[in-house]
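Q: Sequence:
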Amino acid sequence: MPNLFLAALLAISAASVALYREMDRPADGNGVLDSVALWVAPNPAETILFTTDKSKNTVLQHNPLKGKFLGRLAGGGTGAGQLSYPNGIAVGYSIRVNNTASDVLFVVERDNHRVSMFSLPAQKFLGHFGANDLEEPYGIALYWKGSQLQAWITETGTAPDRVYVYSIAASGESLAGKLDFFFSTAGVLESILIDPVHQRVLLCDEGEASDVMVYDMKGNLQQRFGKGLFVIDPEGMVLYDLGGGNGYIIIADQNASPTEFEVFDRRTLTSLGSFSGETKGTDGTTLTQAALPGLPSGSFYAVHSDKAVHVYDWANIAAAMKLTTRVASPRTAVEERSTAAPSQAQILTNYPNPFNPATTLCYRVETFAPVRLEVYDAQGRQVARLVNATQPPGEYRAVWNGRDAAGRVVASGAYFARLTVGNAVQHQAMLLQK
0 MPNLFLAALL AISAASVALY REMDRPADGN GVLDSVALWV APNPAETILF
50 TTDKSKNTVL QHNPLKGKFL GRLAGGGTGA GQLSYPNGIA VGYSIRVNNT
100 ASDVLFVVER DNHRVSMFSL PAQKFLGHFG ANDLEEPYGI ALYWKGSQLQ
150 AWITETGTAP DRVYVYSIAA SGESLAGKLD FFFSTAGVLE SILIDPVHQR
200 VLLCDEGEAS DVMVYDMKGN LQQRFGKGLF VIDPEGMVLY DLGGGNGYII
250 IADQNASPTE FEVFDRRTLT SLGSFSGETK GTDGTTLTQA ALPGLPSGSF
300 YAVHSDKAVH VYDWANIAAA MKLTTRVASP RTAVEERSTA APSQAQILTN
350 YPNPFNPATT LCYRVETFAP VRLEVYDAQG RQVARLVNAT QPPGEYRAVW
400 NGRDAAGRVV ASGAYFARLT VGNAVQHQAM LLQK
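End of the sequence shown sits at 433 in numbering that gives the first Met the number 0; the numbers just go up one at a time, nothing left out.
Keep in mind that the hints are not guaranteed to be accurate.
Said to hold, decoys possible - Below 25 Å or equal to it, Euclidean Cα-Cα: the simulated BS3-like pairs (lysine-lysine) are:
id, residue 1, residue 2
1, K65, K279
2, K67, K306
3, K226, K321
4, K321, K279
5, K306, K279
6, K177, K217
7, K433, K65
8, K123, K67
9, K177, K144
10, K123, K177
11, K279, K226
12, K433, K321
13, K144, K217
14, K306, K65
15, K67, K279
Simulated from the structure, these hints should not be mistaken for lab results.
Please model the entire structure based on the sequences and the hints provided.
A: Listed below in structure tokens is the structure:
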């Protein structure tokens, strides 16, 4: 079937989603844009969208809530803190640098054959890695293996293509990457995504197959999916986490016009349909499940025609595709990573989310232990206690009715459920929206 005919057939079935905002373009213009990453600031109003500009050898910065251009990070060159053909980009939260937790921006550089790191929000250059191994790196995915952060990098300058895996660690006031291992792959690589729950490495095959390869964490090919759903060139991938291993994988069909975003069930990898908006020629995508001012249900970001970035309201995507919403901050995920013991307890999800006036919290207890389930507001003040008892192993549900301990109705806004089982602690972000 000709690709253009296939594109027309796919476009008929794609759900239409309204564009929320396009990012402003700098007065001197953009070069060729590639990939995007979002840093959710402690104050959500100060969140920054980063976009790699590979032809101008820099990274653009925008306020995604207003679309305002904030400036550029770094410039062209081969020196420390300079960039050459930056493409893949990612944000890591709460990484130890000189005994202090810092958020870090990772930028893959094809022509410098390395990955550079910058602190956030200070944007101090922290070091680079990979120059002795990489030839034409592109995509990046971050993965926490226990308390150890790994950076997984796709390499397209070898035959066959490869994935390189580095451990990231502090080196004085800097960061360094140590090569753990690499593996060769089938297909033509670019984008990479890791599902930490299902222990899967997803790799877009931009060759003749035009589908997505699934590898295990040791580099063994397990399966493929998405065959026949992409016109050609599957691109940026994002993971939407609903908890308990459930959620969605969203993959851009770059050469559909407009771009179609294929949605797959996270657990089964079966197709759930697709959506499109005004975006065309997409390379990179990213999303956040965090509540931001004006975007309380989360937001989705996509590069448009190599020249701009489009923002979509997750609430509109969820409505068009009949998807579930779970509001969660990447900062909460960091706290869960460092303090929770999955063998003891897990908050699966809360539904609905956003909610009004009540929501149900589901959690599982793995060992006989004292259990507390409490609700806190965005300032860290306890609002209500839902559970305070010793519970045997099992699955439990608790309903919060949107009231405080005195029975008073609370205001709209972000809240957090805190589950404590023994010494293990987990959090779940919730949004009360009246």
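Q: A separate judgement is required for each hint: does it hold in the structure or not?
A: Hint-by-hint comparison with the structure:
1. Between K65 and K279 the alpha-carbon distance is near 21 Å, which keeps this suggested pair within the 25 Å criterion.
2. For the suggested pair K67 and K306, the alpha carbons sit about 15 Å apart, so the restraint of at most 25 Å is met.
3. A hinted pair counts as satisfied when its Cα atoms are at most 25 Å apart, and K226 with K321 qualifies at roughly 23 Å.
4. Straight-line distance between C-alpha atoms of K321 and K279 comes to about 23 Å, which keeps the hinted pair within the 25 Å bound.
5. Proximity of K306 to K279 is assessed by CA-CA distance (about 10 Å); at most 25 Å being required, the pair is judged to hold.
6. Among the hinted pairs, K177 with K217 is consistent with the structure: their alpha-carbon atoms are about 17 Å apart, no more than 25 Å.
7. With a CA separation close to 23 Å, the supplied pair K433 and K65 stays within the 25 Å bound.
8. With a C-alpha separation of about 22 Å, the suggested pairing of K123 with K67 holds against the 25 Å cut-off.
9. A threshold of 25 Å between alpha carbons decides the hint, and for K177 with K144 the separation of about 14 Å falls inside it, so the pair holds.
10. For the hint linking K123 to K177, the alpha-carbon distance of about 21 Å falls within 25 Å, and the restraint holds.
11. In summary, the hint linking K279 to K226 is supported, as the alpha carbons are separated by about 21 Å, within the 25 Å threshold.
12. Taking the CA atoms of K433 and K321, the gap is near 21 Å; set against the 25 Å cutoff, the hint holds.
13. Proposed proximity of K144 and K217 is supported: the alpha carbons are some 13 Å apart, at most 25 Å.
14. For the proposed pair K306 and K65, the alpha carbon gap of about 18 Å is at most 25 Å, so the pair holds.
15. Taken as a hint, the K67 and K279 pair is honoured in the structure, with Cα atoms around 21 Å apart against an allowance of 25 Å.
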